[in-house]
Amino acid sequence: MGHRTTLPTDQDRLRMLRDGWIASVPGRCVQCGICSYNCPMGIDVRSYSRLGLTIDDPRCFRCGSCVSHCPRSTLVAVVAEPAA
Amino acid sequence: MNRHLLVGSGIAALTAAESIRQSDPSARLLMVSEEAEPFYSRPGLAYLLKGDVPERQLRIRSPGEIEALGLERVTGRVARVSAVGRQVTLADGRKLGFDRLLLATGAASIAPAFPGAELRGVVRLDSLGDAREILRLAGRGRTAVVVGGGSTALELVEGVRARGMRTHYFMRGDRYWARVLDPVESGLVEARLAESGVRIHRHTEVAAAVGHAGRLRAVDTAAGGRIPCDLLAVATGVRPRLELAQEAGLAVERGILVEKSLETSQPDIFAAGDVAQAYDPTAGRAVLDTLWSTAEEQGRVAGLNMAGGGVAYGKRVARNVTCLAGVVTAVIGDVGGEEDLDLVTITRGQSEAWSGGPATLTVSERGREDRIRLRLGPRTIVGAVIMGSQSLAEPLAQLIAARTDLSSLLPALWEQPASLRVLLQRFRSGQVPAGDRDVQALVAR
Numbered sequence: 001m002g003h004r005t006t007l008p009t010d011q012d013r014l015r016m017l018r019d020g021w022i023a024s025v026p027g028r029c030v031q032c033g034i035c036s037y038n039c040p041m042g043i044d045v046r047s048y049s050r051l052g053l054t055i056d057d058p059r060c061f062r063c064g065s066c067v068s069h070c071p072r073s074t075l076v077a078v079v080a081e082p083a084a
Numbered sequence: 001m002n003r004h005l006l007v008g009s010g011i012a013a014l015t016a017a018e019s020i021r022q023s024d025p026s027a028r029l030l031m032v033s034e035e036a037e038p039f040y041s042r043p044g045l046a047y048l049l050k051g052d053v054p055e056r057q058l059r060i061r062s063p064g065e066i067e068a069l070g071l072e073r074v075t076g077r078v079a080r081v082s083a084v085g086r087q088v089t090l091a092d093g094r095k096l097g098f099d100r101l102l103l104a105t106g107a108a109s110i111a112p113a114f115p116g117a118e119l120r121g122v123v124r125l126d127s128l129g130d131a132r133e134i135l136r137l138a139g140r141g142r143t144a145v146v147v148g149g150g151s152t153a154l155e156l157v158e159g160v161r162a163r164g165m166r167t168h169y170f171m172r173g174d175r176y177w178a179r180v181l182d183p184v185e186s187g188l189v190e191a192r193l194a195e196s197g198v199r200i201h202r203h204t205e206v207a208a209a210v211g212h213a214g215r216l217r218a219v220d221t222a223a224g225g226r227i228p229c230d231l232l233a234v235a236t237g238v239r240p241r242l243e244l245a246q247e248a249g250l251a252v253e254r255g256i257l258v259e260k261s262l263e264t265s266q267p268d269i270f271a272a273g274d275v276a277q278a279y280d281p282t283a284g285r286a287v288l289d290t291l292w293s294t295a296e297e298q299g300r301v302a303g304l305n306m307a308g309g310g311v312a313y314g315k316r317v318a319r320n321v322t323c324l325a326g327v328v329t330a331v332i333g334d335v336g337g338e339e340d341l342d343l344v345t346i347t348r349g350q351s352e353a354w355s356g357g358p359a360t361l362t363v364s365e366r367g368r369e370d371r372i373r374l375r376l377g378p379r380t381i382v383g384a385v386i387m388g389s390q391s392l393a394e395p396l397a398q399l400i401a402a403r404t405d406l407s408s409l410l411p412a413l414w415e416q417p418a419s420l421r422v423l424l425q426r427f428r429s430g431q432v433p434a435g436d437r438d439v440q441a442l443v444a445r
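Same order as they appear, the protein sequences are chains A and B.
Our numbering numbers the first residue of the first sequence as 1 and each following residue consecutively.
Our numbering numbers the first residue of the second sequence as 1 and each following residue consecutively.
Source of the hints: derived by calculation from the structure; they are not laboratory data.
Don't be surprised by glycine CBs; every beta carbon is placed ideally from N, CA and C.
There could be a bad hint or two in this list.
A partial selection of chain B residues facing chain A, derived with a Cβ cut-off under 7 angstroms [claimed, not checked]:
1. S41
2. P43
3. G44
4. Y47
5. E55
6. S82
7. S186
8. L244
9. Q246
10. W292
11. V317
12. V321
13. V327
From the derived model, a few chain B residues whose C-beta atoms are all more than 10 angstroms from chain A [as the list claims (entries may be wrong)]:
14. D52
15. S62
16. R319
17. P378
18. A393
Derived DEER-like restraints, expressed as beta-carbon distance ranges [what the hints assert, rightly or not]:
19. A:L53 / B:G164: 36 to 46 angstroms
20. A:D57 / B:R80: 40 to 50 angstroms
21. B:A213 / A:D57: 37 to 47 angstroms
22. A:P26 / B:G97: 57 to 67 angstroms
23. A:R15 / B:P183: 37 to 47 angstroms
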């Protein structure tokens with residue numbers, strides 16, 4: 001499993017859509033709400049990140065806006081690596 | 001029905017209220033605070049100042065969540081706590097009884113001592129009200145001076161600069177946040193500030209704030225200079241608000257001393273957050289923390305214990321993540337540090353556990369803005385400063401928190417700091433058990 005703090009680009013985006021998810025690192029969030037404010041789908045991302053949870057909302061299409069806006073790198077885009 | 005009284009409305013008090021409610025659905029929950037605001041993110045004020053979020057976005061609970069909490073909020077200043085009489089008296093004379101009391105009064109910025117500190121335009125950043133005042137001043141002023149250190153000073157510098165003010169940053173010493181950062185890290189932050197147009201004045205102190213008709217007009221420096229300005233922001237450290245505890249006869253040092261239950265020296269009176277001074281097993285002494293995550297965890301444990309939970313607070317390794325001039329920076333464990341002339345006391349977003357402790361050295365450095373500095377004890381990593389990419393922050397935090405014995409690895413790390421990333425990535429993915437032999441084999445590759 002690979003972890004990235006910045007979003008993949010180009011063809012990686014497709015993989016992110018298919019095999020990716022947005023996770024949050026427990027203990028980092030200070031609940032500033034920048035993630036929710038910048039979510040184009042209106043998801044309250046903060047309600048997950050403040051508890052260190054993976055974003056679990058059917059509207060999330062892993063665009064990574066919350067990842068790139070979080071000033072504390074609380075949110076991370078995770079892509080499952082294919083089995084070796 | 002138990003009456004729980006919470007003094008303060010920060011994250012420690014809110015989290016305590018939530019954990020009491022979870023444990024005891026029928027408890028009466030009363031919260032007294034001077035601020036009447038909806039609960040907001042105090043660290044988020046930095047982003048409000050910069051314009052990254054609007055004010056309403058800083059509210060950390062929805063109206064539905066607040067309603068479900070069943071909390072009665074009282075606006076007022078607590079003037080006195082009677083431990084024996086189990087009641088608090090507000091400044092306006094109202095009296096509120098309690099079965100269990102939480103003091104989560106937080107910490108307040110130190111008032112500047114120079115002449116003219118009372119002028120309109122001389123500000124500090126403790127509350128949402130302060131942030132609003134700074135934004136109001138920035139909206140009509142052209143030049144700002146910021147003095148102090150730590151993350152709050154930088155929040156002020158970046159905030160007023162983002163609002164288009166000409167910004168001067170005064171440092172008493174020769175570099176930024178010497179208590180926590182090493183010279184390279186300070187230099188990185190200062191360079192970015194300078195690139196954004198901030199004028200840094202080293203070895204510079206305010207002699208006086210100069211005003212006219214009660215309003216700030218200029219700052220005089222100790223060296224005899226004068227800078228006309230409309231805003232002077234001061235961030236030279238914070239002090240726990242101890243007065244109530246002292247007067248009530250609770251045991252205090254720099255903060256309110258608490259047991260593992262977060263109970264103070266008086267039964268049924270608890271303390272949590274910036275005002276509490278809790279034992280840190282790593283530091284071997286009771287320390288202050290002005291960290292959001294600490295306040296949240298202490299609030300949770302204090303609330304559980306107020307509801308009769310019998311939970312021990314286990315202080316975690318002190319850690320904070322902040323954004324310094326646009327560089328995400330994590331500070332974990334004991335990172336050393338020098339005397340910091342810009343800070344009189346602890347600053348916000350800091351732990352006393354970050355300085356002192358065993359003698360250690362810097363071992364690892366990467367690109368200009370992706371930098372990792374480790375402090376190494378004889379067998380363990382005791383602290384880390386991680387700037388830029390945070391991909392190694394969690395595995396490092398785990399190693400530091402668990403005090404994992406890495407004695408066979410450390411000599412190799414000294415010789416080949418570049419092996420750090422490979423090692424930690426494999427460690428994190430579970431390919432490297434903590435056993436010394438495995439670590440050695442990995443580094444030998």
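Results of checking the hints against the structure:
About 4 angstroms separates the beta-carbon of B:S41 from the nearest beta-carbon of chain A, less than 7 angstroms, and the hint is met. Interface restraint check: B:P43 against chain A, minimum CB-CB distance 4 angstroms, threshold 7 angstroms, status holds. For B:G44, the interface hint holds, the least distance from its beta-carbon to any beta-carbon of chain A being 3 angstroms, beneath 7 angstroms. Hint status for B:Y47: holds, given a least beta-carbon distance of 5 angstroms to chain A, under 7 angstroms.
Using the Cβ-Cβ criterion of 7 angstroms, the hint placing B:E55 at the interface with chain A is not satisfied: the shortest such distance is roughly 10 angstroms. The closest approach between the C-beta of B:S82 and any C-beta of chain A is roughly 34 angstroms, which is over the 7 angstroms cut-off, so the hint fails. Of the supplied interface hints, the one on B:S186 is violated, with its beta-carbon coming no nearer than about 20 angstroms to a beta-carbon of chain A, more than 7 angstroms. Using the Cβ-Cβ criterion of 7 angstroms, the hint placing B:L244 at the interface with chain A is not satisfied: the shortest such distance is roughly 26 angstroms.
Against a cut-off of 7 angstroms between C-beta atoms, the interface hint on B:Q246 is violated, since the closest Cβ of chain A lies about 29 angstroms away. Against a cut-off of 7 angstroms between C-beta atoms, the interface hint on B:W292 holds, since the closest Cβ of chain A lies about 5 angstroms away. For B:V317, the interface hint is violated, since its Cβ never comes within 7 angstroms of a Cβ in chain A; the closest pair sits about 10 angstroms apart. The interface hint given for B:V321 holds, since its Cβ lies 4 angstroms from the closest Cβ of chain A, which is under the 7 angstroms cut-off.
For B:V327, the interface hint is violated, since its Cβ never comes within 7 angstroms of a Cβ in chain A; the closest pair sits about 10 angstroms apart. Annotated as non-interface, B:D52 brings its C-beta within 10 angstroms of a C-beta of chain A; the closest such distance is 6 angstroms. Its beta-carbon lying about 8 angstroms from the closest one in chain A, B:S62 breaks the requirement of being farther than 10 angstroms from that chain. The beta carbon of B:R319 is not kept farther than 10 angstroms from every beta carbon of chain A, the shortest such distance being approximately 7 angstroms.
Every C-beta of chain A lies more than 10 angstroms from that of B:P378, the closest at about 27 angstroms, which supports listing it as non-interface. Separation of B:A393 from chain A is inadequate, the least Cβ-Cβ distance of about 7 angstroms not exceeding the 10 angstroms criterion. Remark: the range hint 36 to 46 angstroms for A:L53 to B:G164 is upheld by a beta-carbon distance near 38 angstroms. For A:D57 paired with B:R80, a C-beta distance near 48 angstroms keeps the hint of 40 to 50 angstroms intact.
The beta-carbon spacing between B:A213 and A:D57, approximately 54 angstroms, falls outside the hinted interval of 37 to 47 angstroms. Here the CB-CB span from A:P26 to B:G97 is close to 38 angstroms, at odds with the stated 57 to 67 angstroms. As the Cβ distance of A:R15 to B:P183 is approximately 42 angstroms, the hint placing it in 37 to 47 angstroms holds.
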